[in-house]
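Protein sequences appear in the order of chains A and B. Residues 1 to 261 (our numbering) make up the first sequence, in order. Residues 1 to 437 (our numbering) make up the second sequence, in order.
Source of the hints: derived by calculation from the structure; they are not laboratory data. The reader is advised that the hints may include incorrect statements.
Claimed, not checked - Here are the simulated DSSO-like cross-link-like pairs (lysine-lysine), alpha carbons at most 27 Å apart as the crow flies: (1) 223(B) to 140(A); (2) 81(A) to 334(B); (3) 80(A) to 434(B); (4) 58(A) to 334(B); (5) 219(B) to 127(A); (6) 434(B) to 140(A).
What the hints assert, rightly or not - Beta-carbon label-pair distances, calculated as ranges: (7) 182(A) to 211(B): 26 to 36 Å; (8) 240(B) to 182(A): 44 to 54 Å; (9) 140(B) to 19(A): 33 to 43 Å; (10) 409(B) to 17(A): 25 to 35 Å; (11) 330(B) to 17(A): 56 to 66 Å; (12) 410(B) to 90(A): 46 to 56 Å; (13) 307(B) to 78(A): 39 to 49 Å; (14) 182(A) to 420(B): 34 to 44 Å; (15) 227(B) to 21(A): 47 to 57 Å; (16) 158(B) to 18(A): 52 to 62 Å; (17) 25(B) to 21(A): 54 to 64 Å.
Cβ atoms here follow ideal geometry from the backbone N, Cα and C, with glycine treated the same way.
Listed here are the chains, written in short residue letters.
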Amino acid sequence: MDTGTPLVEMKNISIAFGGIHAVENVSVDLFAGEVVALVGHNGAGKSTLIKILSGAYKRDAGTILINGEEAQINNPRDAKKYGIETIYQTLALADNVDAAANLFLGRELRTAWGTLDDVAMESETRKVMGRLNPRFQRFKDPVSNLSGGQRQTVAIARAIYFNARILIMDEPTAALGPQEAAQVGDLVRQLKTEGLGIFLISHDIHDVFDLADRVVVMKNGQVVGTASTADVTEDDVLGMIILGKCPPGAIPGPGALQIAA
Amino acid sequence: MTDVTSHALSKKAAAVNSSLPQRLLRATELDTRMLGMVGALAVIWIGFHIVSGGLFLTPRNLWNLSVQSASVAIMSTGMVLVIVTRNIDLSVGSLLGFVGMVMGVTQTEILPQWLGFGHLAIWIAAILVGVALGALIGAMQGYIIAYLAVPSFIVTLGGLLVWRGAAWWVTSGRTVAPLDATYRLMGGGPDGAIGAFWSWVVGLIACVALLLMLANGRKQRRKFHFPLRPVWAESLLAVMGCAFILGAVAVANSYPWPSAIVRRYATENNITVPEGGLFIAHGIAIPVLIAVGVGVVMTFLANRTRFGRYVFAIGGNPEAAVLAGINTRWVTMKVFILMGALVGISSAISTARLNAATNAMGTLDELLVIAAAVIGGTSLGGGIGTIAGAMIGAVLMQSLASGMILLGVDTPLQNIVVGIVLVVAVWLDTLYRKRVK
Numbered sequence: 001m002d003t004g005t006p007l008v009e010m011k012n013i014s015i016a017f018g019g020i021h022a023v024e025n026v027s028v029d030l031f032a033g034e035v036v037a038l039v040g041h042n043g044a045g046k047s048t049l050i051k052i053l054s055g056a057y058k059r060d061a062g063t064i065l066i067n068g069e070e071a072q073i074n075n076p077r078d079a080k081k082y083g084i085e086t087i088y089q090t091l092a093l094a095d096n097v098d099a100a101a102n103l104f105l106g107r108e109l110r111t112a113w114g115t116l117d118d119v120a121m122e123s124e125t126r127k128v129m130g131r132l133n134p135r136f137q138r139f140k141d142p143v144s145n146l147s148g149g150q151r152q153t154v155a156i157a158r159a160i161y162f163n164a165r166i167l168i169m170d171e172p173t174a175a176l177g178p179q180e181a182a183q184v185g186d187l188v189r190q191l192k193t194e195g196l197g198i199f200l201i202s203h204d205i206h207d208v209f210d211l212a213d214r215v216v217v218m219k220n221g222q223v224v225g226t227a228s229t230a231d232v233t234e235d236d237v238l239g240m241i242i243l244g245k246c247p248p249g250a251i252p253g254p255g256a257l258q259i260a261a
Numbered sequence: 001m002t003d004v005t006s007h008a009l010s011k012k013a014a015a016v017n018s019s020l021p022q023r024l025l026r027a028t029e030l031d032t033r034m035l036g037m038v039g040a041l042a043v044i045w046i047g048f049h050i051v052s053g054g055l056f057l058t059p060r061n062l063w064n065l066s067v068q069s070a071s072v073a074i075m076s077t078g079m080v081l082v083i084v085t086r087n088i089d090l091s092v093g094s095l096l097g098f099v100g101m102v103m104g105v106t107q108t109e110i111l112p113q114w115l116g117f118g119h120l121a122i123w124i125a126a127i128l129v130g131v132a133l134g135a136l137i138g139a140m141q142g143y144i145i146a147y148l149a150v151p152s153f154i155v156t157l158g159g160l161l162v163w164r165g166a167a168w169w170v171t172s173g174r175t176v177a178p179l180d181a182t183y184r185l186m187g188g189g190p191d192g193a194i195g196a197f198w199s200w201v202v203g204l205i206a207c208v209a210l211l212l213m214l215a216n217g218r219k220q221r222r223k224f225h226f227p228l229r230p231v232w233a234e235s236l237l238a239v240m241g242c243a244f245i246l247g248a249v250a251v252a253n254s255y256p257w258p259s260a261i262v263r264r265y266a267t268e269n270n271i272t273v274p275e276g277g278l279f280i281a282h283g284i285a286i287p288v289l290i291a292v293g294v295g296v297v298m299t300f301l302a303n304r305t306r307f308g309r310y311v312f313a314i315g316g317n318p319e320a321a322v323l324a325g326i327n328t329r330w331v332t333m334k335v336f337i338l339m340g341a342l343v344g345i346s347s348a349i350s351t352a353r354l355n356a357a358t359n360a361m362g363t364l365d366e367l368l369v370i371a372a373a374v375i376g377g378t379s380l381g382g383g384i385g386t387i388a389g390a391m392i393g394a395v396l397m398q399s400l401a402s403g404m405i406l407l408g409v410d411t412p413l414q415n416i417v418v419g420i421v422l423v424v425a426v427w428l429d430t431l432y433r434k435r436v437k
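Looking at chain B on its own, in the form it has when it is part of the complex (with noise of 0.2 Å):
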């Protein structure tokens, strides 16, 4: 893709001349560098099948890696966001662990007193307590950044010391647990997980939703007479789209409980269970759900409202922004209100996946987090990034962290693996950059 002009004449000169894949690549108006990371994941995922002599590419594994990856895929949409506006936030890992511990706390110690253990209203109060605190923690740290124009850098820096002292002090070190069981549902496991029939549901809504997307995007073009995609482009993308969300229900519905809990469930609901055991599938894990719909709504605040576009305006050019009449200031500690949120929703998930809210939970999860955002393609500069890019970033980052612990590799040399690799993920990116141009 070098030639992005549209003149008419020389596109379609290059459409004769062009190969195959080129032809197809702009018929479909793919990104070809989200499909330049897909294909490194792919490269990663086949390459740590064969070396681990066919351990990484099972449903097991994918299921618990996409699990794994679920919370700070989470956080790295919102540091998109707040990488594209030229901020950093540092504080994001000790942010999830005080926000964990508040919620830790919240359901354990303080709300039974009032509504006794196991009520149903626990687990609701105390993600709302843990999205609502860290939203006004984000939103202190944001009109400090915004409004007193104290760098972002420092006053995240300065987060990251103050809540991982405050996350210690909610209980003077102590850890919390268990947590309520509800609440535990977030975290995963066989009990976190929707089943196999939810799963094809949610997969075929999900089908549903991408067919009447392509439908209305090719309205609207019809509707302005610009140049439409070609049909069998578009049915490409359909049916690709399509394989691509069904397979991935397949993969999470070939899962099944392991045969302990099979057994228990089996005499609890009075199932005799059949010779060959019982096949319960897990299905797709709610916090991976979570992560999705947080991808979902990440993506429309990004690309569709006006927040998105000024977000994107302030990265690209802060002065032009300003003379445009944009509130930058306000736009800007939004962005961080909306970082503290998602990292309640990561806390809660994370909490609720190890039973327990310890004052270091979250240690140095702000490096995974913009790294994730960064070999997802967000530029430090500003102005550049997609959420897509990020959630794929974390995907790829949690593949290298669980295929080196499969393959037995010494932590010391996963952590040199993984340096190597964000280094050498963002030269690829320049240059891929520099030839687009």
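Extracted from the complex, chain A is given alone in its bound form (with noise of 0.2 Å):
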């Protein structure tokens, strides 16, 4: 799998926000067809790192390769041109708009006239929602008034509709009821045969072991070590996340615990 150009390169990325280093030096690649899981305490720099990947936040240093080929990316419609999508932990929803609004936002469909085509965007809608939750059927509601897991659905609905290649997921699990985080890992294995390749933002080790092939393991801004999920057992992994120690089976990273030679 490490053949190739990765799909994403993200080189020595930094940003602060008023002399804090949010996130310092960090570099992390994707490939196609791989879900590369990030993980680390609160505020250890994950989402802001994804972030700046989704075009939300500006870089203050560092590159990020598409393909290989250096991305220019300062706001969110930027990175969507690079096929990136993103389902944010708030889900980044409208709420007092109906689901095809949501699903369109920013990107509407329209009739030769130039006005919103309404019908055209619900027809997509249902069919795209379809797929993703048979049962759905509230399309004219505010989604302020869905249920939780028919919300992350349409936060869901919204990243993949429009074939994404490269798809961020912020803690996609966080809101739901265990069925439905079973369905929403049976989407990111069907994504990744796909050949998409997925960055995965989670608190909860098991799924990162279920669904991911590598971990990025991040703290205070940097990254602590990368490693196959094949090479490291869970409570590697926590040693990372808690201590910043490194096993032997991961690459360590700038901020991985110096153990005094």
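Since each chain sits alone in its own frame, please combine them into the complex, following the hints.
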């Protein structure tokens, strides 16, 4: 799998907010058909890092390569042009409008007159939602009236509808019950076989070992280490998260605990 | 309408068990909230009619009511979008005064120098100046709000003081009057109405447009195999809509010109006035026509364009809008530009109606406009509101005011009543929203 050009390569990324280095000199990569999990404590810099990739934040330093070519990502629209779609932890839905309006937000279908083509958008929404959640029927309701799982489905539908090549999932199962979480897991595996690259942020270490091919551990804005999930145990990863201690099976990063030699 | 989920099964069951009005509502898909407002308006009208001994629901009073509501109604359509984006505009009243003064000076002192008095281009130029100035000032305030991130409350509170002061400076406080004769038509009055024939024409065009809209909606739904409204419901909507439009025209057409104006008109056109007097109808007033036109355009903008969709998305969740790639700052600025332009139009109507521009014009209008929007169901929390609701809100406020004047209620008591109605209306609305959820 490590052969060829990575789909995404983020090199030496740094960003600071008012003197706090939220992300410091972080390098990660992602291949097509691969799931890379980003793990770490709250405030470790995971969400900030992926928000740089999705264009929500502008990095202070570092480069982003998509398919080996340098990408200019300065805002969310840029990121979407590169086929990067994001499912945010907060879902980022406009609560007062319906599922179709959210799915196409920023990319509305329009009629020949330049007006919104609501009927076509609803029709497309019915198709994609039908695939993800066949029982979903509340197309006319504002999404604030939907359940947590249904809202999550809308957010996922939005991410996959536009033929994403790179999918970022920030805590995709945090708001879900066990059954819905399992559905999301199935979806991740399915998208993986379709050749998407997926960054998965999760607190659930079981999820990570269940779904991810590799795991990147962050602590205090730095990478502790990167490992293939086959080469390390759950306890190893917990040690990386909590202590910053890099086990033998992992490639240490700049944030790894330096053992006094 | 407690059950808004559309599970096919439960829907069928409900349709069997529910009463006739409920079935009617579901089949026609009418907004119950809007119906409630129309109902409240009807109660107020009928109440005033009874208490005033039959003075309120007369063609004359309704016609005047429509003209008096126009200015605030136009501004309230813009205020809806401002409030939906979680902003507020406190400067519209002062801005109306300032723009009015500039338009007054433009048409009475500047343009006649070049074009001569009474030139036909003057009124158009004056309006263009007003709308452009309003839009420019709106752009300036919008820029400060959107790009410099100063809260809109502060920026427009500053604007409230600045533009009222500026209105004074234009002529050092002198009232500008009289205004251009053609310009004055925008204010209404016997001349500023389009007469019986053209009113019927407008009414018929509106009916045809309504029918086409319903037909097109049905065609679109069929194309994508969505559930259709039953034919009887569609027909009912069409008949009710047309009846309302033609009824309004009929009312406007049964308000005759005053006899003195008829006599003047008769002598000017060499018509002999018959024994019982000549009946010449006002027809729809031009300011009302403008207001309805603005309402239609604004509804289109809000519901059928990307801009409108973004306005509501920003109001619902600003962060989500940014993450979806919407340029929220530019959209916010555009909302304020639109608000400014609408103030320009309202200002033209207000000055034309008074046949003068004064520096105090529009004082406290900002509060009436905000109240109209809020009574019309716009949520100050952002994200919720309709153009039609705000316009009905404006008519409702004006109905209260003119009804109380008809009854001879003292001004202080009028204010007390309007204030209480505002609070009660918003309270009822929050109750309604909780129940719907």
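Results for each hint:
1. The suggested pairing of residue 223(B) with residue 140(A) holds, with an alpha-carbon distance near 18 Å, which does not exceed 27 Å.
2. For the hint pairing residue 81(A) with residue 334(B), the CA-to-CA distance comes to about 25 Å; that is within 27 Å, so the pair holds.
3. For a cut-off of 27 Å, the pair hint linking residue 80(A) to residue 434(B) is broken: about 37 Å separates their Cα positions.
4. The straight-line distance between the Cα atoms of residue 58(A) and residue 334(B) is roughly 25 Å, inside the 27 Å bound, and the hint therefore holds.
5. A C-alpha spacing of about 20 Å is found between residue 219(B) and residue 127(A), which places the hinted pair at or below 27 Å, so the restraint holds.
6. At most 27 Å may separate the alpha-carbon atoms for a hinted pair to count; residue 434(B) and residue 140(A) meet this at roughly 18 Å.
7. Range check, residue 182(A) to residue 211(B): Cβ separation about 51 Å, and the 26 to 36 Å hint is violated.
8. Distance hint check for residue 240(B) and residue 182(A): the Cβ-Cβ separation is about 50 Å, which falls inside the suggested range of 44 to 54 Å.
9. Range check, residue 140(B) to residue 19(A): Cβ separation about 35 Å, and the 33 to 43 Å hint holds.
10. Taking 25 to 35 Å as the suggested C-beta distance range, the pair residue 409(B) and residue 17(A) does not conform, at roughly 59 Å.
11. Distance hint check: the CB atoms of residue 330(B) and residue 17(A) are about 25 Å apart, inconsistent with the given range 56 to 66 Å.
12. Residue 410(B) and residue 90(A) have their C-beta atoms about 53 Å apart, which keeps the hinted 46 to 56 Å range intact.
13. Between residue 307(B) and residue 78(A) the beta carbons are some 22 Å apart, a value that contradicts the proposed interval 39 to 49 Å.
14. The beta-carbon spacing between residue 182(A) and residue 420(B), approximately 55 Å, falls outside the hinted interval of 34 to 44 Å.
15. The supplied range of 47 to 57 Å is met by residue 227(B) and residue 21(A), whose beta-carbon atoms lie about 55 Å from each other.
16. Checked against the hint of 52 to 62 Å, the pair residue 158(B) and residue 18(A) fails, with Cβ atoms roughly 29 Å apart.
17. One distance hint, 54 to 64 Å for the beta-carbon pair residue 25(B) and residue 21(A), holds here, with the actual separation near 58 Å.
The structure shown violates the earlier hints numbered 3, 7, 10, 11, 13, 14 and 16.
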